[in-house]
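Based on the sequences and whatever the hints tell you, model everything.
Protein chains in written order, with my numbering: chain R, 73 to 721; chain E, 2 to 102.
Hints were generated in silico from the structure; no laboratory data involved.
Glycine included, each C-beta is placed from N, C-alpha and C at the ideal position.
Misleading hints may appear alongside valid ones.
[Unchecked claim] Here are some of the chain E residues that sit facing chain R, going by a computed Cβ distance under 8 Å: (1) Ala24; (2) Met40; (3) Met97.
[Stated by the list, open to error] Away from chain E, derived, C-beta distances all over 12 Å, residues of chain R: (4) Phe85; (5) Trp101; (6) Phe105; (7) Trp123; (8) Ile147; (9) His263; (10) Met436; (11) Val469; (12) Glu517; (13) Gln627; (14) Asn702.
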Amino acid sequence: MLGLLWLIPILPFAGAAVNGLLGKWFPKWLVTFVALAAPGASLLIALGCLWEFSQGTALTYEQALYMWTAGDLNIPVAFLLDHLSAVMLFIVTFVGFLIHVYSAGYMGHEEGYRRYFAYLNLFMSAMLMLVLGNNYLVMFVGWEGVGLCSYLLIGFYYDQAFPPYAGKKAFIVNRIGDFAFLVGMFALFAHFGSLTYKEVFAKIAADPGAVTGAPYALGLPLASFIALCFFVGAMGKSAQIPLYVWLPDAMAGPTPVSALIHAATMVTAGVYMVVRSNVIYQLAPGVSLFVAIIGAATAIFAASIGIAQTDIKKVLAYSTVSQLGYMFLAAGLGAYSAALFHVMTHAFFKALLFLGSGSVIHAMSGDQDMDHMGGLKKYMPSTRWTYLIGAAAIAGVPLLSGFFSKDEILHSAAASGHWLIWLVGLITAGLTAFYMFRSYFLTFEGEFRGTHEQEHHLHESPASMTVPLWILAVGAVFAGYVGVPKVLSLGRDLNWFHNWLEPVIAVPRGMEAGEHNVGTGLELLLIAITTLIALAGIYVAWTNYGDNKGLARGQHWAARLPVLHRLLLNKWYVDELYDWVIVRPLAATARFFWKVVDTFIIDGAINAGAFLTELTGDVGRFSTTGNVRNYALYFFLGVLVLFYWIAFR
Amino acid sequence: MSVPISWYLLLSAVLFAIGAIGALTRRNGISIFLSIELMLNAANLTLVAYARQWNQHTGQIIVFFVMAVAAAEAAVGLALFIAVFRQRRTIDVNRMNLLQG
Chain R
73 MLGLLWLIPI
83 LPFAGAAVNG
93 LLGKWFPKWL
103 VTFVALAAPG
113 ASLLIALGCL
123 WEFSQGTALT
133 YEQALYMWTA
143 GDLNIPVAFL
153 LDHLSAVMLF
163 IVTFVGFLIH
173 VYSAGYMGHE
183 EGYRRYFAYL
193 NLFMSAMLML
203 VLGNNYLVMF
213 VGWEGVGLCS
223 YLLIGFYYDQ
233 AFPPYAGKKA
243 FIVNRIGDFA
253 FLVGMFALFA
263 HFGSLTYKEV
273 FAKIAADPGA
283 VTGAPYALGL
293 PLASFIALCF
303 FVGAMGKSAQ
313 IPLYVWLPDA
323 MAGPTPVSAL
333 IHAATMVTAG
343 VYMVVRSNVI
353 YQLAPGVSLF
363 VAIIGAATAI
373 FAASIGIAQT
383 DIKKVLAYST
393 VSQLGYMFLA
403 AGLGAYSAAL
413 FHVMTHAFFK
423 ALLFLGSGSV
433 IHAMSGDQDM
443 DHMGGLKKYM
453 PSTRWTYLIG
463 AAAIAGVPLL
473 SGFFSKDEIL
483 HSAAASGHWL
493 IWLVGLITAG
503 LTAFYMFRSY
513 FLTFEGEFRG
523 THEQEHHLHE
533 SPASMTVPLW
543 ILAVGAVFAG
553 YVGVPKVLSL
563 GRDLNWFHNW
573 LEPVIAVPRG
583 MEAGEHNVGT
593 GLELLLIAIT
603 TLIALAGIYV
613 AWTNYGDNKG
623 LARGQHWAAR
633 LPVLHRLLLN
643 KWYVDELYDW
653 VIVRPLAATA
663 RFFWKVVDTF
673 IIDGAINAGA
683 FLTELTGDVG
693 RFSTTGNVRN
703 YALYFFLGVL
713 VLFYWIAFR
Chain E
2 MSVPISWYLL
12 LSAVLFAIGA
22 IGALTRRNGI
32 SIFLSIELML
42 NAANLTLVAY
52 ARQWNQHTGQ
62 IIVFFVMAVA
72 AAEAAVGLAL
82 FIAVFRQRRT
92 IDVNRMNLLQ
102 G
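Here it is, written out as C-alpha cells:
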C-alpha cells in the first residue's frame, strides 16, 4: 500500500482535471461522482498507507518520482511519509473528504457546481503535496497551489463585488509571506546546497555551531535568519499578526471552503512548516520566543474581535485566527507536538463549526447575521447538537478534544516559565468560551428574529450535510483522547500523540520534557484554573445571551462601553490602518507612475514624436501643388544651389 | 583664324538661359518642350566646342547620344501631350495639377 503513496496527491489532481476539462459534457451525477471519488480514493489509500506505516518499524518512507534538474540545482520530486506528515495526511484526507461530501449537498443548487469541485479537488491535491513533499521546494509548490485555490474559491462568487476583492486581498497578503519563505529557502540552499529535509537537518545536526555562530544577515545567525524568514511565510499562510487581515475577508467564499481551507487545513500549513523545521527553530531561541509572542498576541487580539461580531462566519473566522495563534504560541515555546495536537483537534471542531454555520446559512437562505437568527434548535436539531458539541470542544469543556490540546499548550507555557504568555493564553481561553457560546445562544436559543419568509423556509439540511457533521462531532469529542496528559491518566503514559511524534521532533530542548518542571499538584491546579475560566466564559455567555433578551443586553453593554464596542466591532480599525499606511500610499505611487511617468512622460514622448512628424507633413504638403512648373522651379533652384556649391565652395 | 572657344561658350550660356527661362515661364506644353530642346542643344554646343578645342571625338559622340535621347524624349512627351489634349482639350500645364499630395 505504501507504494501507492504517490497516488494520494495525484488522484484529486486527476479529479480536478477531468471535471475541469471534460465536466462540461458530464451529467451532474457524474461530476459529483468524480469529485467525491477522487478524494475518497485518496482517503482510502492514505488510511492503508498509514496502517502499513504504523505497523512497520521504519521511521520514514520515501518515494522518489523523478529528479528535477536545472543546472547545478537538483531537486528530487519525492514524497515522504513520516510521523509528522502522517498526522497531516490523516487530517487533510479525512476532513477533506467529509467536506467534499458536505459540499455536494451545500452547493447542490449553485451555479458553477462543476467549477467548485474542480477547484476543491485541486486544492486537495496541492495540500497533499504540501504535506507529503520531502523537501522545501515540493512543499512550496503545494504552498503556492493551495494559495491559488484559496484565491479561486474565495472569489468563487465572481459576479458579486466583494468576493473577488477578498480573493485578491488573500493572494496579495500571502505573497508578502511567500516572499520571506522564498528568501529563507534561498539562504538554506545557498548554505547547504540542498532543500531536502533529511539532508538539511542532518547537516545542521552534524554541526550546530556553524548555523548559530556568526551573524549571517540582519545581524542574525543563519538558523535564526532562516527561522525568521520561514515564520514570516507562516504568518501569511496561517494568518498571524500582522498578516492576518486576509482570513476574515476570506469568508466571502462558500462556507465549506471556509471550513476546509480557512479553518482545517490550509491555514495550518504554517504551523506544519514550523513544526517540520523544528530542528532549525530549536537553534533559534530568540526567533522561537518571537513566534510565541506573536502567537499569543494574535490569539488574544483575534479573540477580542470575535466578541463583537454579528456575522456568524466572522466569529468563526476570528476564532480560527485566535486558535492559530495558540498553535504558534505552543510551537514558539518548543511544544511542537502540542501545536500539532491542537492542529488536529482544531481541524475537527472548527471544520464542524464552520459546516454547522454553513448548514444554518443554508437554512437562512444565505443570511449570515446572527441578529436575524435565534431559536433554530427547533428546526435543525442535528445542526444544533453538533454545533453545540463543536462550541463546547473549542471552549475547552473537560473531556472534549479542545480541552486536552489547549491544556497541553497552556501547560507547556507554564512549564517553560513564560507566565505572561500563559496568562494571555488563559484569558484567550475564557474569551473563546464566551464568544463561541454567544454565537451558539444567539443562533439556536431564544426566539426567531428573522422575517416570516425566512422562518417559513427554515429546515434541517439533507443527510449529505448532517452525516459529515455527526462524524466530525464524534471526532471533536474523541480526537483529544490520543493525547491525554500523564497527570490525568493515573500515571500511565497515555499521550500516544506525543510519543508518535517523538521521531520527528528530534532534539528536545528541555521544554518538551517540561512536564518535569511543574509538579503534579501545580499541574492539576493549572488544569482546574483553565477549566474554570472556560466554564466561566460559557456561564457569562449563558447569563447574557441564554434567553431571548441577548441582543438587548448586547446593545446595553455596547451603549455603556461605546468606545470599546466600536473598536471591537470595527476590528480595532486594523484594516483602515493598513488602508491608510500601506494601500493608499501604494495606490498613490502606482497612480503617479501611471498618470505621470507612463501616460505623461513615456506616452507623451512617443506622441510628441508622432505629432512632430505629422506637423512636418502638414507643412510640407503645401509644396506639392501638383503644378509641374512649380516642380520645375524647385528643380531649377536645386540645380542653382548645387552649381553654387560646386563653383564657390 | 578660328573662332575662340569663349564665344561658343557664351552663345551656349545665352541659349541655355533662354531655354531655362522659357521652360519655367511658358504655360504651353509645346513651348516648354521647345525650351528644353534649346537647353539640350546649348549643352551640345558646349560639348562640340570643347571636342574641337582638345581634338577629341568623345564629346562629339556624346552629342549623338544626347540627340538620340532628346528625340526619344520629344516623342514620348508629344505622345503624352496628345493624350492629355484628347482628354482635356488643353495642354496648358497650369491646369495639369492632379499629382498633388
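Broken hints, by number
Of the numbered hints, 2 and 14 do not hold.
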